[in-house]
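S.K.: Letter by letter, the chains look like this.
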Amino acid sequence: MIQFLFKGILRDKSRSLLPVIIISIGVFLTIFMSGWMKGIFTDMIDLNAKFTTGHVKVMTQAYAENEKQLPNDLALMDANKWLSILQKENPEMEWVQRIHFGGLLDVPDSNGETRAQGPAIGKAIDLLSPNSHEANRMNITKSLVKGSLPSKNGQALISNEFAERFGVNVGDDITLFGSTMHGSMTFQTFKVSGTLNFGMSALDRGAIIIDISDAQQALDMLDVTSEILGYFNGDYNDNQAELIKTNFNNKYTKADDEYSPQMYKLTDQGGLKEMLMQAENMTSIMVFIFIVAMSIVLWNTGLLGGLRRYSEYGVRLALGEEKSHIYKTIIYEAIIIGSIGSIVGTIFGLSACFYLQENGIDFSDLMKNVDMMMPPVYRAIVTPDLFYIGFIPGLFAMTLGNALAGYSIYKRKTATLFKELEV
Amino acid sequence: MIAIKLAYKNLVGAGLRTWLNVSVLSFAFVLMIFYNGMIEGWNRQARNDTQDWEIGQGQYWEPSFDRYDPYTYQDAHQVISEPIIQQIKKGLLTPILLVQANMYPQGRMQSVLLKGVDPKQNILKLPTSDLRFSSNETCAIIGKRLADENKLSVGDKVLVRWRDKNGMFDAIEIKIASIFKTDVPSVENGNMYLNIEVLQKMTGMTNEASILVAGKDSKLYDITNWDFKTPDFLLTDFDAMIQSKKAGGIIMSGLLLIIALLAIFDTQVLSIFRRQKEIGTYIAMGMTRSQVVGIFTVEGGAHSILAALVGAIYGIPLFIWLNKVGIPMAANSQDAGITIADTIYPYYSLDLIISSLLLVIISATIVSYMPARKIAKLKPTEALKGKIQ
Amino acid sequence: MKYIAIIILSLLSISIWAQTASEILQKIDDNMSSDNQIIESSMTIHGKRNSRTITSITYTVGTEKSFTEYLSPAREKGTKMLKLTDKLWIYSPSTDRTIQISGHMLRQSVMGSDMSYEDAMDDRKLSEVYEANIIGEETYEDKAVYVLELNATVNDIAYHSRKMWVDKQKFIPLKEELYAKSGQLLKQFTVSEVKKFNNRWYPTKMNYKDMLKQGKGTDMNVISIKFNQDIPEYIFTKAALKQ
Chain A
22 MIQFLFKGIL RDKSRSLLPV IIISIGVFLT IFMSGWMKGI FTDMIDLNAK
72 FTTGHVKVMT QAYAENEKQL PNDLALMDAN KWLSILQKEN PEMEWVQRIH
122 FGGLLDVPDS NGETRAQGPA IGKAIDLLSP NSHEANRMNI TKSLVKGSLP
172 SKNGQALISN EFAERFGVNV GDDITLFGST MHGSMTFQTF KVSGTLNFGM
222 SALDRGAIII DISDAQQALD MLDVTSEILG YFNGDYNDNQ AELIKTNFNN
272 KYTKADDEYS PQMYKLTDQG GLKEMLMQAE NMTSIMVFIF IVAMSIVLWN
322 TGLLGGLRRY SEYGVRLALG EEKSHIYKTI IYEAIIIGSI GSIVGTIFGL
372 SACFYLQENG IDFSDLMKNV DMMMPPVYRA IVTPDLFYIG FIPGLFAMTL
422 GNALAGYSIY KRKTATLFKE LEV
Chain B
520 MIAIKLAYKN LVGAGLRTWL NVSVLSFAFV LMIFYNGMIE GWNRQARNDT
570 QDWEIGQGQY WEPSFDRYDP YTYQDAHQVI SEPIIQQIKK GLLTPILLVQ
620 ANMYPQGRMQ SVLLKGVDPK QNILKLPTSD LRFSSNETCA IIGKRLADEN
670 KLSVGDKVLV RWRDKNGMFD AIEIKIASIF KTDVPSVENG NMYLNIEVLQ
720 KMTGMTNEAS ILVAGKDSKL YDITNWDFKT PDFLLTDFDA MIQSKKAGGI
770 IMSGLLLIIA LLAIFDTQVL SIFRRQKEIG TYIAMGMTRS QVVGIFTVEG
820 GAHSILAALV GAIYGIPLFI WLNKVGIPMA ANSQDAGITI ADTIYPYYSL
870 DLIISSLLLV IISATIVSYM PARKIAKLKP TEALKGKIQ
Chain C
7 MKYIAIIILS LLSISIWAQT ASEILQKIDD NMSSDNQIIE SSMTIHGKRN
57 SRTITSITYT VGTEKSFTEY LSPAREKGTK MLKLTDKLWI YSPSTDRTIQ
107 ISGHMLRQSV MGSDMSYEDA MDDRKLSEVY EANIIGEETY EDKAVYVLEL
157 NATVNDIAYH SRKMWVDKQK FIPLKEELYA KSGQLLKQFT VSEVKKFNNR
207 WYPTKMNYKD MLKQGKGTDM NVISIKFNQD IPEYIFTKAA LKQ
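Chains as they are written, first to last, in this note's numbering: chain A, 22 to 444; chain B, 520 to 908; chain C, 7 to 249.
Just to be clear, a hint being listed does not mean it is correct.
[What the hints assert, rightly or not] Here are the simulated EDC-like cross-link-like pairs (lysine to aspartate or glutamate), alpha carbons at most 20 Å apart as the crow flies:
no.	chain 1	residue 1	chain 2	residue 2
1	C	Lys-244	A	Asp-94
2	C	Lys-215	A	Asp-94
3	A	Lys-89	B	Asp-588
[What the hints assert, rightly or not] Some residues of chain C that are not near chain B, with every Cβ distance over 12 Å (derived):
no.	residue
4	Asn-37
5	Glu-147
6	His-166
7	Asp-216
8	Leu-218
9	Glu-239
[Stated by the list, open to error] Covered by chain B, per the in silico footprint, the following chain A stretches (three or more residues, Cβ under 8 Å):
no.	stretch
10	212-223
11	316-322
Keep in mind the hints are simulated off the structure, nothing from the lab. Since this is a predicted model, take the numbers as computed values, not measurements. For every residue, glycine included, the Cβ atom is placed at its ideal position computed from N, Cα and C.
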């Protein structure tokens, strides 16, 4: 019978095409919406993770205690050793070093003497490794106003506002004047490879982004890093983070050595735990509303499907088909159509979410401040539940709608059939 | 008129199907208003809080002052002239003097910004009156987060070192007179508030201030030698964030709306398909095609009116309730540096409601019209027979 | 009458003390300052985690001009500092840049030590900016010392008052405490070795410590010192920084 129904569905487009399209679109929207919602409610946390906290973060205990003051004298030694330990123990995660520093940006005149000077916030990230995701993670590529990313050592990005205020052009030299981790003064001249718009006044006033190796050189921090951040391949997972953290800290954190590394997970830092919980609650409420809404719509589609084929059922009844048999075929058809629609919708929905997870939708064009680093870019997230939630409205609601609509068959009387059908 | 009557009869006659469509459309409607109301509520509260705690109706800056460049603080102060003093006495302006300093809680050095404020001021919500009764000791008020970070409580003393206007070092222990809690992180992060007269004496900057904060009734006018900064200027970063939040909401409500519209579209396609005889009859009775298209369009569009009504039935009590209890925000959200109240009370503006209503009605009408256009192509004779074309 | 005599006597004694106090200060200045000097010294900075030693050579003429070149470690080698009155330039060989250190930056620490550029730059003679009083005599580390209290006579100076333990024979402050206006102890300076160069005494081992911060402070050793040398004038020009 199933095979027969299949043929029917395939050959009768009015039976198959529109319902399948509607279910697919509906399921697609449900999944897309859920993924989107998770993205939108976690964007602030996501932003924090990307810029500050990582999914997990390793610092020395002493550094962590004074983190706000960027105490690089307390930074983590043997950075490469720790990096390889972390990579070996958690190969599925991406581990990156970052250094935060402050200093003066000094603009030279033609004689190499100070022409202008301004304070700057500095960040050093891995810009030059071929497989580094840092530039994208920090949204640097998109916030470029002029020029390009550093492509070799000795190049730097500075804030566009600073560049314009002091008349610095791409290709010009700029000297970072700061202090090494030991407190000695340090000078390093960089070629400005590009300028950035951060969208945060504090950074736009003066900021410099350089490659981590340049910073280690300039700040006398060879094999030293402010922090090592770990990123899951995808969404933040608190249980997993907790596990990794506990393992690491049990093994390597020494209570009597404040310079031994300690791992902190995202939710340990800056009130993010509460924010994350709230985001999760909000998301589930929204997803619930959405699934309910979608279920109602597809229920309606089921009803409509039943109505559409009112005369067909009349003919079939007239030919002597059992009411229960017709009802059964209606249900089976609904299941088949629902499944096809759900599968198609899920595939499209997941792909869309995946695409948006990787690329995001950029709202900056709609806004005054374009090319910001703190971006009005929203991303969807692909989570495991997206693989099945589409079936709730797609399959169950659809079947329920058809079952309700089909029920009216039992009300029909054979005697009036021919009158209704007007044949 | 007939179109509306017919539409109503047809819609109500369709029973469950209509109500299903209507309920989804009402979800979209309510959610749209809710989300935007929440963001707007956040926006208003945060703006109000920032104004109440920090920026008033705007600030007058000493011309060389730059809030993002602490190096400018050293020289950015000047004598408050007599006309300004009169304004201060009237409570229209309040001066703040900024001095960079270091504090040493538990022997750790940490930079702190000393802010001299007038204990008698009423422009800012800061509990400055706690600074009024300092006897011999120098007292300060600090925010809860700074207090927690440095394990300071009321009555504790902390050593603070600063330089006077000539660069001479001075250091004393300052007693914490009270600890305040605010939703505006920038008010408390690294700030310590002292009586402005005490700070002026400490630094030798007699009768000087770095910025003046304008109060509610102050008439905003140019004060010579002071640069006026509007609240909009001072809130630029925050506005940008709210903008982006709103943009994110557009997609969400948009998707929900699309779903509802999809259902209406489907319903329209079906009813036009099933009611060809009816259409034929209308045309035979002498209605023009566009009139018939109108009937069907109104019928589909009427979903949105019903949706608004249904939405109002459960939405209004919901919104009133939410406005009463508020939406609790994650505690410590301010730690992330964002100005956000612990509880957000959504704000529903008439603008918001009307524009959401218009959006829902117009879009529902458009999707109702699209399948109805087909009617124009029908031949009345064929239609009367109910033949599928 | 008796009382008046006592008062006169005590007034007299105060003036005698005061006289001696400024004399002591003068003698210290004679020891410590000179028309010009060339000092090779090392500075050991005790950080929280490790200690570093930096050596440098400094040419000074009068109180207004000074030129320092860092000799080691390798990272610092070739870095030069030129101070003319209240202006300071730093030259870094690796970048071939001369950078002027302005106002607020002068308050930063020198090479991570407990000393700021400003501390290092203010070389007005003590007798020019402080008024001294002898407040006692005691023994410090087996040496007879005067205890001097110095109060600033000018405004634009970092430390409002100082307390000094001055070796009675060598006229070298063996220990010095620097105070804030409020009387809060801010920095401490102790001398552990004094040597004679030509006919003047000069401290050769000392420790400079910020008393508000935890830590062991900064040790300074004088490796060699020469007074009244012929220092060519061109050394105090920005052009010389680049050579």
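S.K.: Taking the hints in turn, state whether each one holds.
M.R.: Taking the hints in turn, this is what the structure says about them:
Between C:Lys-244 and A:Asp-94 the alpha-carbon distance is near 32 Å, which puts this suggested pair outside the 20 Å criterion. Using a Cα cut-off of 20 Å, the hinted pair C:Lys-215 and A:Asp-94 holds, with the two alpha carbons roughly 18 Å apart. For the given pair, A:Lys-89 sits about 17 Å from B:Asp-588 by alpha-carbon distance, which is consistent with the 20 Å threshold. Taking the minimum C-beta to C-beta distance to chain B, about 26 Å, the non-interface status of C:Asn-37 holds against the 12 Å cut.
Every beta carbon of chain B lies more than 12 Å from that of C:Glu-147, the smallest distance being close to 27 Å; the non-interface claim holds. Not every Cβ of chain B is farther than 12 Å from the Cβ of C:His-166; the closest lies at roughly 6 Å, contradicting the non-interface assignment. A cut-off of 12 Å between C-beta atoms contradicts the statement that C:Asp-216 is not in contact with chain B; the least separation is 8 Å. Against chain B, the non-interface label of C:Leu-218 is violated: not every CB pair exceeds 12 Å, the least being about 5 Å.
Non-interface status of C:Glu-239 relative to chain B is upheld: no Cβ of that chain comes within 12 Å, the nearest being about 30 Å off. Under the rule that three or more residues need a Cβ within less than 8 Å of chain B, the assignment of the stretch 212-223 of chain A holds, with 4 such residues. With 5 residues having a beta carbon nearer than 8 Å to a beta carbon of chain B, the stretch 316-322 of chain A meets the requirement of three or more and the stated coverage holds.
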